[in-house]
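Given the sequences, and given the hints that come with them, work out the whole structure.
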Amino acid sequence: MTFIRDLPLFLFIAIWPVISIGQTFESSVEEGWYASGVESYLSDIPTDDSGKWFVTIFTMEGCSACESLKTSFDVDPDLVALKRWAHFNVYKRGTNPYKMQMERYKAAFPNGFNRFPVIVVQAPAEEAFGGAKVVFHQVGYNNARSLTSKIIAAIRKFMDKFRPGPTPQPQPQPSPFPSPIQPTPVIPVFPPDDVINPPAPPAPVDDPDLPAVDRPDQVLYVVTDARRMKERLHVAMLKVFASKMGDKLGMEVDIRVVNVGDEEVKDLGVDEGETPVLIYVVNDRVVARLNGALLAHHEQLVKEEIEHPEPTYGDMLLTPAMLTTLFGGNAAVGMIVYLILAFLRRREDPLKAVKFLRDNLARRKEKTGERFGLLADALNKVQK
Amino acid sequence: MIPRLVFAFVLFVGTSLFAAPPTIHPTDPELAYLPQQYRVQFRNPDGSCVQCSIGMIGLYHNVPAAEKLLWDSPYGPKVRGGSWPGRVRNYMADRNIQGWNITGQDTVKWIEWAMKTGRHVALTFKSSHFCTLMAMSPDGQYFYVCDNNTPYKVDKYTRSQFMRLHHYPNGWCVILDSPPPTPTPLYVRYW
Numbered sequence: 000m001t002f003i004r005d006l007p008l009f010l011f012i013a014i015w016p017v018i019s020i021g022q023t024f025e026s027s028v029e030e031g032w033y034a035s036g037v038e039s040y041l042s043d044i045p046t047d048d049s050g051k052w053f054v055t056i057f058t059m060e061g062c063s064a065c066e067s068l069k070t071s072f073d074v075d076p077d078l079v080a081l082k083r084w085a086h087f088n089v090y091k092r093g094t095n096p097y098k099m100q101m102e103r104y105k106a107a108f109p110n111g112f113n114r115f116p117v118i119v120v121q122a123p124a125e126e127a128f129g130g131a132k133v134v135f136h137q138v139g140y141n142n143a144r145s146l147t148s149k150i151i152a153a154i155r156k157f158m159d160k161f162r163p164g165p166t167p168q169p170q171p172q173p174s175p176f177p178s179p180i181q182p183t184p185v186i187p188v189f190p191p192d193d194v195i196n197p198p199a200p201p202a203p204v205d206d207p208d209l210p211a212v213d214r215p216d217q218v219l220y221v222v223t224d225a226r227r228m229k230e231r232l233h234v235a236m237l238k239v240f241a242s243k244m245g246d247k248l249g250m251e252v253d254i255r256v257v258n259v260g261d262e263e264v265k266d267l268g269v270d271e272g273e274t275p276v277l278i279y280v281v282n283d284r285v286v287a288r289l290n291g292a293l294l295a296h297h298e299q300l301v302k303e304e305i306e307h308p309e310p311t312y313g314d315m316l317l318t319p320a321m322l323t324t325l326f327g328g329n330a331a332v333g334m335i336v337y338l339i340l341a342f343l344r345r346r347e348d349p350l351k352a353v354k355f356l357r358d359n360l361a362r363r364k365e366k367t368g369e370r371f372g373l374l375a376d377a378l379n380k381v382q383k
Numbered sequence: 000m001i002p003r004l005v006f007a008f009v010l011f012v013g014t015s016l017f018a019a020p021p022t023i024h025p026t027d028p029e030l031a032y033l034p035q036q037y038r039v040q041f042r043n044p045d046g047s048c049v050q051c052s053i054g055m056i057g058l059y060h061n062v063p064a065a066e067k068l069l070w071d072s073p074y075g076p077k078v079r080g081g082s083w084p085g086r087v088r089n090y091m092a093d094r095n096i097q098g099w100n101i102t103g104q105d106t107v108k109w110i111e112w113a114m115k116t117g118r119h120v121a122l123t124f125k126s127s128h129f130c131t132l133m134a135m136s137p138d139g140q141y142f143y144v145c146d147n148n149t150p151y152k153v154d155k156y157t158r159s160q161f162m163r164l165h166h167y168p169n170g171w172c173v174i175l176d177s178p179p180p181t182p183t184p185l186y187v188r189y190w
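Protein chains in written order, with numbering that gives the first Met the number 0: chain G, 0 to 383; chain U, 0 to 190.
One thing to keep in mind: the hints can contain errors.
[To be verified] So these bits of chain G aren't anywhere near chain U, every CB distance computed over 12 Å:
(1) T70
(2) V79
(3) N141
(4) S145
(5) P215
(6) V256
(7) N282
(8) D283
[As the list claims (entries may be wrong)] Footprint (simulated), chain G over chain U, 3 or more residues, beta carbon under 8 Å:
(9) 127-141
(10) 169-180
Hints were generated in silico from the structure; no laboratory data involved. Every residue gets a Cβ at the ideal spot worked out from N, C-alpha and C, and that includes glycine.
Here you go:
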């Protein structure tokens, strides 16, 4: 009787492992269900996509260019391919993800964005690429073809740096200058590679009520900081340069000299530290910018590069150290011989300055690419 | 009797303190990507831990339909209360939230994939509870979990603690099919 009374308990204990296994089995058959609005299916673990690039666009409500850009990323074959190839994110101004993203972007874009849409292309976050570097950044949108070509060009340039082997050297171009040329401080000298120098970001994002600026179709701003005495000298130089450029191009470019704090240039995102700056705006879009402070150093840089060109094999034989060795370790004799030879070499090649200027401009133009192509062309014409 | 109760109480408190996970204040920027002021919005109000956790990863992944689960929104009415895999699957389908709803012994593989690719995971953690996994150490030995009952902090667990609390191999996790957010950029002139 006792056995019969306790039978349910025994049965329960006996079948419990079966129930447990059943539960485990039932849950295991649900592994990896992919759920979406239209489909639901068993899925394998996706491939590791941590090596993908990032294409990010920032939009805002009521912005027709933003809508156009988003549509282009859905219909234009090139942009669709780019979207699939990369991690594609869209952040809408005012949302929490946007605010979080802006906090991340503080270092690269300290003032956030004020003009939309903004397209940012970043390398993968992997160490091999140096960690999510921004390789392309554009404010505004015109057409898909132009955007795609700019992005691809930027990515190619970036990848050239990581590609093993020698980097392609610029091909010599026919001299754009009549010879001899007088070095004038109008050739842009861009900073060397790897200099952390973020492009001037637009005005603060938290200030949505910036007054709309009524500016002509083409305007060349000379932005200065009136408090600095040194800059007043630069301004004169920039003014001359700007007017020459306008004349030579035969364009109706409105040249305006403004102070860095003026309302008119607030949306161009010029920091006080980078003045004087030359900003070329076409249809409310910044086409090119040139740091005027660099112009002032131009002559000095040219001079230094002429005096200290990249050494060739022949040059290496004539270094002070080598000469010292040749003269039995007598450093004084070696140095004197070196100086005499250096002086003679310089006198041998009086056109070296012209050659350097021509090559320098060609190289700069190649390095800066399309973004500064317009400015480089303008400079060529000014030189002529 | 009373001394025994006191002893038991002291033992319980002592054990609890000893077992409490270390609270960390993340210094790694990757970890701090979901800052505290955003995490606290997802404090568990009424036993909606699953929706809180999915909402948190929805915010992180910029998926508003998931982010707004706890509240009435254009994506649908608020979803509150306890959930199970079938319910989650249904409301993900209703709101067109794309993602993976994983149960069983493979959850850890999926979790590791998500962590390596920069994604957050909502997962079963502790007793009848759902939390958000925010990071894993590169060697896979430590896990950083935000509990929606204490969203102001992120707790660090060893792998064995994590496995136990995740109820491996009977865990359940939700991962959104969305790219990881854009990482903090470096602006280095490359040309």
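Evaluation of the provided hints:
no., hint, in the structure
1, T70, "holds, 19 Å"
2, V79, "holds, 15 Å"
3, N141, "holds, 22 Å"
4, S145, "holds, 19 Å"
5, P215, "holds, 30 Å"
6, V256, "holds, 27 Å"
7, N282, "holds, 25 Å"
8, D283, "holds, 24 Å"
9, 127-141, "violated (count 0)"
10, 169-180, "holds (count 6)"
Violated hint: 9 only; the structure is consistent with all others.
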